[in-house]
Amino acid sequence: MKFVLICWLALCLPWALQGKEYHASLFGVKSDGITLNSRSIQKAVDFIQEKGGGTLVFSVGRYLTGSIRLKSNVMIELREGAVLVGASSPYDYISVGGVRALIVAEGEQNVGVFGKGVIDGQGKGLVASLTTQIQKGYLPEAISQASPALVAMKGCKSVTVTGLHLQDAAGSALSFTDCSQVALTDLWIKNQAVPNMRGLVQSNCVDLVATRVMNDLVASGKKP
Amino acid sequence: MKNTLIVLFSVIFGFSLTAKDFTVSDFGAKNDGFTINTSTIQKAIDFVHEQGGGRLIFETGSYVTGSIYLKSNVTLHLEQGATILGSTNPFDYIKDAKIGWMSMIFAVNQENIGITGKGTINGRGFLTAYNMVNYIHRGIYTDPLKYDRPNETNRPQNIYFRECKNIRIVDITLRDPGSWNQTYDQCQNLYVDHIYVDSKSYWNNDGIDIVDCDGVVIKNSYFDAADDVICFKSHSAEHMCQNVVVDNCVGRSSANGLKFGTVSRGGFKNFKITNLTIFDTFRSAITLAAVDGGEIENIVIDGVRSINTGNVIYLRLGDRWAKGKKPYMKNVTISNVYAEVPLTKPDAGYNYEGPVEDLPRNISPASIVGLVENKIQGVHLKNIQIVYPGEGNPLYAKRGLSAEELDGVPEMRDAYPEFSQFKELPAWAFYVRHAEGVSFENVTFTAKKKDYRPSVVLDDVKDVSFTGLVVHEPESVGKQQVFSHKTSQLIIK
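These protein sequences, in sequence, are chains A and B. For the first sequence, the working numbering begins at 78 and goes up steadily by one. For the second sequence, the working numbering begins at 115 and goes up steadily by one.
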């Protein structure tokens, strides 16, 4: 197994104001790992935004979900022991800028995900069902296009992703396009479900700073 | 009576002959009763639609879903043992922007669609409704909680189709919606055959709601509902329900059996309803109401059994939300009716029993009640047999026959129309007020015990005839059984 460790040490950007905290359970989000929470989490994000912003807090537990669209001034906090688990159906994912992902945002600002928790893409199962659906002709995309990342943002400003373990995406772990003021800090990216998937993909970003980001990836042809 | 009923239907849809079958599990939908498959089922529907149509097959198992939209030329086919389960999370449902209601299965502006097969759609609405109540209390969702329940539009129905054409609902079972059950709104050519409905899991659970549709067949179906069973409505003053056939249906309700209204803006025309059985039903077996300016015309109801049901026939004109539009009701024929009205509560023991209200009141008669300035015109009742318990007790509630007392029956013109709304009425079998051209032919009213009231009271009725009226009431030899007030052209043969 080959480790590719990349660490950038740079400036730490100040954390965005986190505002009021809302527990996920307030919105009926279930921590059992088998209830698909997409719509409840989305309702939570929308609700918090309408209330002027704040943080949606996930405590210990496994939270199964499809894509969530993050909105301006809303942060997601995954506390220690909290795992955001990606759904296994490819149809539970939406894309921004051509990239599907578990957490997406487009044209938003002051958004982010932080905490000592985990985002687990369950990439192996997801890629298996993607492959089947493509073979059956139900999905027109190539698998490289269709595979969801963990976080994908486009045209966002003032983004923070901090402290998390990011693992087993079907696609890349993080993807940023046309974003500015992006601070990626203290991240462990263990993206081993699918060979050749990258930790961080960015294009056209301004002021993107990655600090203490460890990538643990698998190259093609090598057994993990 | 001359029928001018013209019913045009095209119930054979060519598409079903050539359609291709797809299996929903092939798209990755899980039948484990737990996985929320909304996106996957939607993808499958979209795919079949894009391929030119066909059946989307649900094989045995339980498929959980939130709101999905059916598309043109797609039929959901539920095999025996297959159940589509509604998610119990209210946030899994969409409140459609055009329709303004929540539903599990939507279709808007689609054609050649259907839901078929011996499988089940189960909304699990009780749980969803109570989850919604929780969110409302927590301030997550805004709702006035009138009557301590979320508004009907904030709970999911099982099916809501709007402005669709050529719809087939065949063989399926529908259970436990969160609100009304299945609504077809401004649709054309709706064919419902051999469905089974158990709809009493929460308030306002109806059997079937037909709103402003043209060309409807409902037959061979069974409905058990907390609210109205087979309910025709008219939400739009520019539309109406017309050209409708209902045949061989059985219903049970804690409200009404067959109902026109309550929202009745446009109207109801050209109906033929045959072989209808209503039992253990709290309110009326048949309620035809136009209280919002609607027009009711050319209605034939032939062959009714109304057993252990609180009221048999209630025809009502009102003036609730008409906004100046003048309602009318004319040319209504009801024939071959056998009915038994109990002394006890007909729906006792069923889930979501009807509310005990309008007391004190002895057993209410069937009634035809128009408006002072706007009379119900042309009601023909033929071969009618109604058995009442009698026992009307004047010490409990009394409405006598003096002019003052008869005129004192409240008009209730802008009230919600129910047979019990006037509280105590002066007759035990039939009460007619503000009507013109009413005929009773071969009619038998039976009271099992003596009642203080006469069997029939006519008030402000013009041109009314009885041919072969038979009244049975114990200890009542010589009692005047037909009493008229402000009535002209009364003929009793």
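It is worth saying that the hints were derived from the structure and are not from the lab. Only a predicted model underlies this, so the values are computations on that prediction, with no experimental measurement involved. A few of these clues could be false.
Stated by the list, open to error - Dumping the calculated SDA-like pairs for lysine to any residue here, alpha-carbon to alpha-carbon at most 20 Å:
| # | chain 1 | residue 1 | chain 2 | residue 2 |
| --- | --- | --- | --- | --- |
| 1 | A | Lys107 | B | Asn245 |
| 2 | B | Lys134 | A | His242 |
| 3 | B | Lys144 | A | His100 |
| 4 | A | Lys213 | B | Asn245 |
| 5 | A | Lys213 | B | Glu589 |
| 6 | B | Lys144 | A | Lys193 |
| 7 | A | Lys107 | B | Asn248 |
| 8 | A | Lys213 | B | Asn248 |
| 9 | A | Lys107 | B | Tyr255 |
Structure-based check of all given hints:
1. Between Lys107/A and Asn245/B, the direct Cα distance comes to roughly 13 Å. Compliance with the 20 Å bound is thereby established for this hinted pair.
2. Only pairs whose Cα atoms come within 20 Å are accepted, and Lys134/B paired with His242/A is rejected, the gap being roughly 46 Å.
3. Only pairs whose Cα atoms come within 20 Å are accepted, and Lys144/B paired with His100/A is rejected, the gap being roughly 30 Å.
4. Straight-line distance between C-alpha atoms of Lys213/A and Asn245/B comes to about 38 Å, which puts the hinted pair past the 20 Å bound.
5. The suggested pairing of Lys213/A with Glu589/B is violated, with an alpha-carbon distance near 80 Å, which exceeds 20 Å.
6. Proximity of Lys144/B to Lys193/A is assessed by CA-CA distance (about 32 Å); at most 20 Å being required, the pair is judged violated.
7. Only pairs whose Cα atoms come within 20 Å are accepted, and Lys107/A paired with Asn248/B is accepted, the gap being roughly 15 Å.
8. With a CA separation close to 42 Å, the supplied pair Lys213/A and Asn248/B exceeds the 20 Å bound.
9. Restraint check: the Cα-Cα separation between Lys107/A and Tyr255/B comes to about 18 Å, which is no more than 20 Å; the hinted pair holds.
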